[in-house]
Amino acid sequence: MDRDRSRRQILQAAALAGCGALLRLSIRPAAATPEMMKDAVRAVIGEAPVKKGKVKLDLPPLVENGNSVPCTVSVESPMTAADHVKAIHIFNEKNPQPNVIGVKLGPRAGRASFSTRIRLADSQTVTAIAELSDGSFWSDDIDVIVTLAACVEEPKP
Amino acid sequence: MARALVHVPATAKKGDVIEIKTLISHIMETGYRIGITGTPIPRDIIDDFVCTYNGEEVFRAKLYPAIAANPFISFFTVATESGTLAFSWTDQHGATQVQTAAITVE
Numbered sequence: 000m001d002r003d004r005s006r007r008q009i010l011q012a013a014a015l016a017g018c019g020a021l022l023r024l025s026i027r028p029a030a031a032t033p034e035m036m037k038d039a040v041r042a043v044i045g046e047a048p049v050k051k052g053k054v055k056l057d058l059p060p061l062v063e064n065g066n067s068v069p070c071t072v073s074v075e076s077p078m079t080a081a082d083h084v085k086a087i088h089i090f091n092e093k094n095p096q097p098n099v100i101g102v103k104l105g106p107r108a109g110r111a112s113f114s115t116r117i118r119l120a121d122s123q124t125v126t127a128i129a130e131l132s133d134g135s136f137w138s139d140d141i142d143v144i145v146t147l148a149a150c151v152e153e154p155k156p
Numbered sequence: 000m001a002r003a004l005v006h007v008p009a010t011a012k013k014g015d016v017i018e019i020k021t022l023i024s025h026i027m028e029t030g031y032r033i034g035i036t037g038t039p040i041p042r043d044i045i046d047d048f049v050c051t052y053n054g055e056e057v058f059r060a061k062l063y064p065a066i067a068a069n070p071f072i073s074f075f076t077v078a079t080e081s082g083t084l085a086f087s088w089t090d091q092h093g094a095t096q097v098q099t100a101a102i103t104v105e
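Heads up: the protein sequence lines correspond to chains A and B, in order.
Here numbering that gives the first Met the number 0 is used: the first residue of the first sequence is 0, the next is one more, and so on.
Here numbering that gives the first Met the number 0 is used: the first residue of the second sequence is 0, the next is one more, and so on.
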């Protein structure tokens, strides 16, 4: 009996220690917050109002590996000299830094769309904001679930 | 700096919207990872990408550490005239790599 109990206690203690280690690992040293994202957005676009629509941000809703997430942004626009998309920015909430990419376009682009691959440190909301030639801003956001986070993995020795 | 790949259609009709794909081999070290010695690995990223079409800028991107290693960027442009597309990547230390591609517009 005694031996049984002690083994159980040891196992419980080991399980607790394991949980503790996991908790400690899940605390990230430098993560941005949604407030930091808002500040970053304001730093880039100023005080202009941002409307929902026109922009389509395409990201897989469930991401297995946050180190490389395919990402496409497209904006509805005729892309003429009079009416075109000037810039597209992507922001995130929980990476160490809220900015992801900032792109400058013009009527020579023909189509207001681009693709890249991004890093995501956690399950979070990703936002794309487009600046049009008439000075208006349009946005789209998408919630993604990340199972393997980027930025925190140990480098290969 | 590194090996770069660009894909541009060899020929296009005047006025066509063509897709351009670019990839450069680069570690894009974020500066947030801790190395095996316990100290942070210094940041090393490409932060600027520009595409010019016969000298005229058609696309520019400012990259942040949230761009995955080996940055891949694809975008569109209008085939206006035969000539050269030049792609240049600049890293945070100021080193620039330029890759060019020729296009024939009919």
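It is possible that some hints are incorrect.
To give a feel for the contact side, a few chain A residues facing chain B, derived at Cβ under 7 Å [said to hold, decoys possible]: (1) K50; (2) L61; (3) N64; (4) N94; (5) V99; (6) G101; (7) R107; (8) A108; (9) R110; (10) S114; (11) R118; (12) S122; (13) T124; (14) F136.
Computed beta-carbon distance windows for the label pairs [what the hints assert, rightly or not]: (15) B/L4 x A/R7: 33 to 43 Å; (16) B/I26 x A/R7: 44 to 54 Å; (17) B/K61 x A/K55: 35 to 45 Å; (18) B/E80 x A/P60: 23 to 33 Å; (19) A/D142 x B/S73: 16 to 26 Å; (20) A/A81 x B/K20: 51 to 61 Å; (21) A/Q11 x B/D43: 20 to 30 Å; (22) A/P60 x B/E105: 41 to 51 Å; (23) B/S81 x A/R41: 22 to 32 Å; (24) A/R7 x B/N69: 33 to 43 Å; (25) B/S73 x A/R6: 22 to 32 Å; (26) A/P59 x B/E56: 44 to 54 Å.
From the derived model, a few chain B residues whose C-beta atoms are all more than 10 Å from chain A [what the hints assert, rightly or not]: (27) A1; (28) A3; (29) A9; (30) R59; (31) P64; (32) A68; (33) T76; (34) T79; (35) S81; (36) G82; (37) A100.
FYI, nobody ran anything at the bench for these hints, they're computed from the structure.
Ideal placement from N, C-alpha and C gives every residue a C-beta, glycine not left out.
Hint check results:
no., hint, verdict
1, K50, "violated, 24 Å"
2, L61, "violated, 17 Å"
3, N64, "violated, 10 Å"
4, N94, "holds, 5 Å"
5, V99, "holds, 4 Å"
6, G101, "holds, 4 Å"
7, R107, "holds, 4 Å"
8, A108, "holds, 6 Å"
9, R110, "holds, 4 Å"
10, S114, "holds, 5 Å"
11, R118, "holds, 5 Å"
12, S122, "violated, 15 Å"
13, T124, "violated, 14 Å"
14, F136, "violated, 17 Å"
15, B/L4 x A/R7: 33 to 43 Å, "violated, 59 Å"
16, B/I26 x A/R7: 44 to 54 Å, "holds, 48 Å"
17, B/K61 x A/K55: 35 to 45 Å, "violated, 21 Å"
18, B/E80 x A/P60: 23 to 33 Å, "violated, 42 Å"
19, A/D142 x B/S73: 16 to 26 Å, "holds, 24 Å"
20, A/A81 x B/K20: 51 to 61 Å, "violated, 29 Å"
21, A/Q11 x B/D43: 20 to 30 Å, "violated, 45 Å"
22, A/P60 x B/E105: 41 to 51 Å, "holds, 42 Å"
23, B/S81 x A/R41: 22 to 32 Å, "violated, 44 Å"
24, A/R7 x B/N69: 33 to 43 Å, "violated, 50 Å"
25, B/S73 x A/R6: 22 to 32 Å, "violated, 59 Å"
26, A/P59 x B/E56: 44 to 54 Å, "violated, 31 Å"
27, A1, "holds, 16 Å"
28, A3, "holds, 15 Å"
29, A9, "holds, 18 Å"
30, R59, "violated, 4 Å"
31, P64, "violated, 6 Å"
32, A68, "violated, 7 Å"
33, T76, "violated, 6 Å"
34, T79, "violated, 8 Å"
35, S81, "holds, 16 Å"
36, G82, "holds, 13 Å"
37, A100, "holds, 16 Å"
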